[in-house]
Amino acid sequence: MPEEGMEDNKGREERPKWNNKAEYLLTCIGFAVGVGNVWRFPYLCQIYGGGAFLIPYLIALVFQGLPLLYLELAIGQRLRMGSIGVWNSISPYLGGVGVASMVVSFCVSLFYNTIVAWVLWYLFNSFQDPLPWSQCPLNHNNTGYVKECVESTPVNYFWYRQTLNITPNMETSGSLQWWLVVSLATAWSIIYICFIRGIETIGKAVYVTATFPYLVLTIFLVRALTLPGSSEGLIYLFTPDWEILKNPQVWLDAATQIFFSLSVAFGGLISFSSYNSQKNNCERDAVLVGVINSATSIYASIPIFAILGFKAHTNYVTCLNGNILALTNEFDISDMNITVENYEQWFDSLNGTHPSRVSDLNLKTCDLQTFLDQSASGTGLAFIVFTEAVISMPGSQVWAVLFFIMLFSLGLSSMFGNLEGILTPLHDLKLVPKWMPNELFTAIICLVLFLMALIFCLGSGNYWLEIFNSYVGSVPFLIIAFFEIIAVAYIYGIGRFSDDLEFMTGHRPNIFWKVCWLVISPLMLFVVLVAYVAVQAQTHPTYAAWNPDYVNFPDTEVLPYPDWVFAICVLLSSVPVISIPLVAIYRLICCMSGRHSKGSLHNDPNPYVNEGYVVES
Amino acid sequence: MLYRPKADTIRRRWQNNSHICFFTKPESNLCWVKCTKRIACNKQLHDLQHGQEGMLVWVLFLLCQGVAPALTQDLCQRDAPNGYKVRISLKTALGEDAYEWNQSEMFFFRATMAFAMRRHFQMETYNVDNIILCVQTSRVSFWFVVTSPDNATMLIPKADVEKAVRMARHRINNAFLLSDRTLEFLGIHPTLAAPVNPDTPPWLIVFGVVIGAVCAGIIALLVSSLLQKRRKEKGMTEDGQDEEDMQVKGVENGINLDGTYNRGFTDDDRFTKL
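These protein sequence lines are chains V and W, in that order.
For the first sequence, the UniProt record's numbering gives the first residue as 1, with consecutive numbering after it.
For the second sequence, the UniProt record's numbering gives the first residue as 1, with consecutive numbering after it.
Chain V on its own, in the form it takes in the complex (with noise of 0.2 Å):
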């Protein structure tokens, strides 16, 4: 029939499609670039000696993110299926990854929006003046201000006690936040509505949210570089230190970054490519998407850091400025003499003339190195880190709205990706009822990762979301995504798969490619596999739990895990990655057992897809 011969060979049935190829590259941008990308690269960057920690990160992501990031979307888009679907075509005995997949996206979508929904709830405190977190308040007889507040500081009161509203420890769960439980169900609804017609609402609503990033990072640059302290700041971050390079955790925290910041083995990338159509050049695409995502870590990293030094500033000024009141009460010298420019000079020649009523004064050391050192990564950076420097600038709610609105749109890019490698594998599966529109299908599922995600509501909840990001979210990736990779080359074929990519992008992989996929990539990740395992082995695992009854307050009080949570915490990692031995060994009894199975490629006969005519072009 001349109609079915001059089309593409489509899917079963009508698949959806991305409107322009722009939307699929936002979507696939905006899901790799996430908040780990603002708030972990430049954590690791700082600690890891600065600029020579773009050495092994940019190493990393040559030899072993961009060749991960091209096969997930090349098998995507030449199998137009979801993972479920893609892994089960290349070898029916490999069909757990796709579950694997599957079950650590669903995982890692509780958790993750669980952190929108906390970005949600400080974007809505912060249209208030004062900003909530810049003062104590008072306590009940209004005599002073709470115990609690005074003895830590204001930022770290609001984040742990009114809105975490933490408990001491793990076994003591504490009850339902309600303010949390309302800012979790706004970010839910949020996703939903941007998931109801699937990728027509993601491809629109893309165009914000993986642009916006962009814009509040550059304005945040140009403030910041006007801020003091700044340059302080990003000299601190960008001084390479050579010697750690000689440091294998350095290696071992470059390739997993790298590995983790690039979103692969959620699934997520290959149900983005397989609505592209076929004839469709993935190699440009993933060398895009890979390079632009280290750019905006690297990007990111600058205005951060610029912020930093000058809160590091601005806590040195603070901390002389209190030395210099307690000098000038105790010495009754006139108001202002002492400034922190000659603060030295006072100090020396008062404490050659009096040395025993200086010492009596406990004045505090004050180094800004201290201070810039001081860092944090993960939620520490922008809820309490990043709000006390935000009070400090003028104008701070504009700062704070335009921050947490930053954040939420790149977790909201991000749990597009999440949620797709859940919902495409499903419908995939056939496991939709037909009766039932997508539309419900994709409420129900949100509301059911909703009420799951209640836990992380409780008193407790900020110590699960901590296990569930260290255990679910990694390494199970780095099983799945070995394993990805060895299906890919050594079971479907390196040369079957330079087929497919011929007939994709028109020319057959470089040796480069080849190379990687079959040696370089593999190895790599075993290495980092069985590195990071043997790291995290060594230790008992223990957590920083916020009492304020602890002897130390306001340090936090390290516990180790009880033996309950451990468990849970083995099962958190293990139970994902359990699939792909159940589905070979399950696929092994069925084909031993005579049945005929139905491991063919095409489970239905297609009847758009004839295999006796063959485009000619």
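None of these hints come from the bench; they were simulated from the model.
A hint or two may mislead.
[Said to hold, decoys possible] List time: in silico DMTMM-like cross-link candidates among lysine to aspartate or glutamate, alpha-carbon distance up to 25 Å:
| # | chain 1 | residue 1 | chain 2 | residue 2 |
| --- | --- | --- | --- | --- |
| 1 | W | K234 | V | E200 |
| 2 | V | K147 | V | D499 |
| 3 | W | K158 | V | D332 |
| 4 | V | K430 | W | E233 |
| 5 | W | K85 | V | D499 |
| 6 | V | K21 | V | E557 |
| 7 | V | K514 | V | D499 |
| 8 | W | K158 | W | D180 |
| 9 | V | K364 | V | D499 |
| 10 | V | K147 | W | E233 |
| 11 | W | K91 | V | E330 |
Put chain W on the given structure of chain V with help from the hints.
What follows is chain W alone, placed relative to chain V:
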């Protein structure tokens, strides 16, 4: 530290040692010694009275008694039991516009304190003379005590002074263009500002706006999808051509057929008849 009396009292130097001593209150028999050590001078006084300088000393004694202003000085001292220390930070508060702290400003302070006492006790008799200042430093800091208007030797207790200052604190601050932090009364803590408690927390308002917009969007999109589907179904049953699509999907006469429609056998009438 030497205690410096008024000019018309006479200092007397003993011959035996370099102590400089003069009488403070007649009834206390105490005297200040150069190294700020207070010693009971009974023995010395006895020696003086019965010694060679006895007469001269008695003259001194009487002179001391007559000097009223000297008494006010000993009411106001550092660490006075009924006094307060005041600390002013002009440059911190006003920067370039800081005025100079001189005797006129000290007078202004005494007048302001007298006003505060009048206001609190509602007695019109407090005057500038009732506020005594001493121990001035270049910080700027000084001590002050308040004497009763009826009896110049009696001090107003600390608690009453505190109440007066608390009541008039705002006025005192404004008189000097300073704040609670830059005009400190050591020992009188500033009252903390009452927290602003809006009826609805602001974050709830923002949340309400956002969730309202999102819900409206969800409903709008769902309704439009529904309408689109209904329109499609209507369009399909009216248009015969789309029957074939329904057949392809395995629906014929409204019944789901098993298997897939084999497009090898279609109704060729769809195509243009020659």
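For each hint, the structure was consulted:
At most 25 Å may separate the alpha-carbon atoms for a hinted pair to count; W:K234 and V:E200 meet this at roughly 23 Å. Proposed proximity of V:K147 and V:D499 is contradicted: the alpha carbons are some 69 Å apart, above 25 Å. The straight-line distance between the Cα atoms of W:K158 and V:D332 is roughly 24 Å, inside the 25 Å bound, and the hint therefore holds. The straight-line distance between the Cα atoms of V:K430 and W:E233 is roughly 23 Å, inside the 25 Å bound, and the hint therefore holds.
Of the supplied pair hints, the one linking W:K85 and V:D499 is violated, its CA atoms being roughly 90 Å apart against a limit of 25 Å. A threshold of 25 Å between alpha carbons decides the hint, and for V:K21 with V:E557 the separation of about 50 Å lies outside it, so the pair is violated. With a C-alpha separation of about 12 Å, the suggested pairing of V:K514 with V:D499 holds against the 25 Å cut-off. Note on W:K158 and W:D180: the hinted pairing holds, with a Cα-Cα distance of about 19 Å set against a maximum of 25 Å.
For the given pair, V:K364 sits about 69 Å from V:D499 by alpha-carbon distance, which is inconsistent with the 25 Å threshold. At roughly 67 Å between alpha-carbon atoms, V:K147 and W:E233 are farther apart than 25 Å, so this suggested pair is violated. For the proposed pair W:K91 and V:E330, the alpha carbon gap of about 17 Å is at most 25 Å, so the pair holds.
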